[in-house]
Amino acid sequence: MMSEVNRVNGLLKRYGGNSPLVLPALLLMLYLVVPVVYLFFTLPWPQVPGQLADPIALGALVTSLLSASLATCLIALFGVPLGYLLARRDFPGRGLLTLLVYLPLVFPPVVSGILLLLLYGPYGLIGSPFANAGLELDSSFTGIVLAQIFVASPFVIIAARSAFETVDPALEQVATTLGKGKLEIFWRVNLPVARAGIIAGLLLGWLRALGEFGATVIMAYHPYTLPVYLYVQLTGTGVDAALPLVLLTLAVSFIGVGLVLWLQYAGRRQAR
Amino acid sequence: MPGDMKAAEEDALLTVRLRQQFGTFQLDVNFQVPLGLIVLFGFSGAGKSLTLRSVAGLLRPGQGYVAIGEHVLFDSEAGIDLPPQERHIGYVPQHYALFPNLTVAQNIGFALPKRVSLPGWLRGRPERVAQQARVDELLGALELKGLERQYPATLSGGQQQRVALARALAAQPRLLLLDEPFNALDIAVRQRLRDSLKSFQRQFGIPIVLVTHDHDEAQQLADTVVALRHGRVAQVGGVQDIFFSPRTPDVARLVGQQNIFGGHLATPTDRSYSPSRALRVEWLQSEMQTRLPVPQGVDCWLPLPDNVSLPASSSQSSQTLIAGCIRSDEVLVHRLSGNVSPWTERGAARWEVELIEAQMHGASTRLLTRPCWLERLAKGRDVSGSVLEIYISRLNWREIEAMPGESLLLEIGPEAVHWFEGSS
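Going down the list, the sequences are from chains R and P.
The numbering used here applies: residue 1 is where the first sequence begins, and numbers increase by one.
The numbering used here applies: residue 273 is where the second sequence begins, and numbers increase by one.
Careful: at least some of the hints might be erroneous.
What the hints assert, rightly or not - Pairs of lysine-lysine, DSBU-like flavour, derived with a Cα cap of 35 Å:
(1) P:Lys417 / R:Lys182
(2) P:Lys417 / P:Lys470
(3) R:Lys182 / P:Lys470
What the hints assert, rightly or not - Computed footprint of chain P on chain R; a stretch qualifies when at least three of its residues, placed anywhere within it, have a C-beta under 8 Å from a C-beta of chain P:
(4) 173-179
(5) 185-196
As the list claims (entries may be wrong) - To list a few chain P residues with every Cβ distance to chain R over 12 Å, as calculated:
(6) Glu349
(7) Gln378
(8) Leu449
(9) His502
(10) Ser517
(11) Glu629
(12) Thr637
(13) Trp645
(14) Ser679
(15) His690
These are calculated hints, taken from the structure and not from any lab test.
Backbone N, C-alpha and C fix where the C-beta goes; we use that ideal spot for every residue, glycine too.
All chains should be modelled from the sequences, with the hints used to inform the complete structure.
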């Protein structure tokens, strides 16, 4: 026992000196990591392949991947220009607009879902004409995408904005004196230079859309997305039935976050 | 290639008149100088970069007129304001602003018209070949061959500078604007790169406006110096004019002359060798603004250069104050040896000074001294801020090797004294 303590102390010394900051940091690290590690010891491994091959689970996975990808594309199309304007242009109401963009980030997702349902639901201002035409905006794939866009957009807008802010304005000035117009400069200078940050933001947004539950479950209970199906399994069958899906979600998240970190690293290297 | 960029008119002028309020800073510059290597010289915050960017069209001045030769770029009265894209001015900012995502060759080719990516057989072959040739030509001219596929982050400061110059030249500008182009470089390579900028300019025959606050840079490069101070033009002229004959105390400080004094004309009496005209120094203006009346018998005289013609009104008057400076690198320094006359045979004033400090300064030694007459005049007033700054050669210093607190003898000849025009 004593030797264990000595060994831990030795490690602490080696990696953090005698800094009093190491202990609290280490404790939080453990708190975050242990549940994930513990999952691997509790998983009913023999049943995992079978449960993952469940057609409903696969359907939910496909729905999640497709809807999150479509939502991310749409966010990119509109969010990147918005991020650019917030970073570069000075216009009245810029501060207020920034505030509004941040809001969906802090809303409880259920609140976002209710707000969307009010507008796009069968009796909503926008939803009712569509519903009359036989096109349901809620309880549909469209509903899922709408919910995901709402909750994931801030990630992309904020990331794009800070990526554009790090682009040296001197680059644009030089490009102007070289005879290039605003749009060409955006395409050939701002966008490529800010690329790494924007892509990182898109990945984060995609992951957020993929994991989105609260707003989605209100806007569109059907078709199942992965998180919704997870919830259904958990409440219907029990924890054991949900665990393989948890594993699947974790794997996707792990790859996604790894990519984000790598892109940020690459972006910093290029900026130097 | 040099041919197609040679300025059409050899004696064309750059005309710049700008007036604009930037917050609390008022920019109000007005100068007309021959195209060549023009140096905008001033302390930071003097408005150099603002002027440069206004010429490029990146800033919009409220009122003014900018023209290169006959090409009017901006004329607020006639309502002419060409956008930067149509001014044909090359701009190289402080840190070169190379596009980090493009290779050296792509950076240089940036200005050339970008063709829509069509399949190879549809592309305008001859034009593409011409563009490639242009990039190759610039790569060769600026000694960048072999680097074309590298990215800016992998280049040395000097190479980055050359890429930035090549990129600007590719657009065939009428004028190049360089904002502190040597600031981002190690001191060791600055000297050499200044020389190569000079030969670059000769090779391409392109007029350049360069912003700097560095004395060496201005002296080494400028055909014409425009000295700026507090957003205004303080003096325009050649290197000799600005550095040797600053017109005002402001410009003198800008070019590094610290020994600014004031005084009035008088004729020294009963002194051997004394010149017929001399200046009786009253106060050293540099730190101490107060005027110290000079009692009789205190030797604080300066010789007046022969080529100085006095304003008619002040030639006889001992009441008129005039200001000037003692050129810090034209003073002889000796060890103090016994009693000497206050004037030498050639009419140089001898001042006994106390050595405050001696420092190495490049190839010379910098001495901070205080004239002994100042102590005698001060009578209890604080004169610790009033120092006379002298630069002497290392060789000269080795003969003296005095310790702080020791007395030295300065020999200030007429050539060491400069006074400001119209300072009376």
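Here's how the hints hold up against the structure:
1. P:Lys417 / R:Lys182: 31 Å, holds
2. P:Lys417 / P:Lys470: Holds: Lys417 (chain P) and Lys470 (chain P) sit about 21 Å apart, inside 35 Å.
3. R:Lys182 / P:Lys470: 34 Å, holds
4. 173-179: Holds, because 7 residues of the segment 173-179 of chain R bring their Cβ atoms closer than 8 Å to Cβ atoms of chain P.
5. 185-196: Coverage by chain P holds for the segment 185-196 of chain R (5 residues, Cβ < 8 Å).
6. Glu349: 25 Å, holds
7. Gln378: 10 Å, violated
8. Leu449: Given a closest Cβ separation of 8 Å, the condition is violated.
9. His502: For His502 (chain P), whose nearest Cβ neighbour in chain R is about 25 Å away, the distance exceeds 12 Å, so it holds.
10. Ser517: Check passes; 36 Å lies beyond 12 Å.
11. Glu629: 41 Å, holds
12. Thr637: 40 Å, holds
13. Trp645: Per Cβ check, Trp645 (chain P) is outside 12 Å of chain R; nearest 53 Å; holds.
14. Ser679: Since the minimum Cβ distance to chain R is about 54 Å, Ser679 (chain P) lies beyond 12 Å and the statement holds.
15. His690: Given a closest Cβ separation of 40 Å, the condition holds.
Against the hints set out earlier in the document, violations occur for numbers 7, 8.
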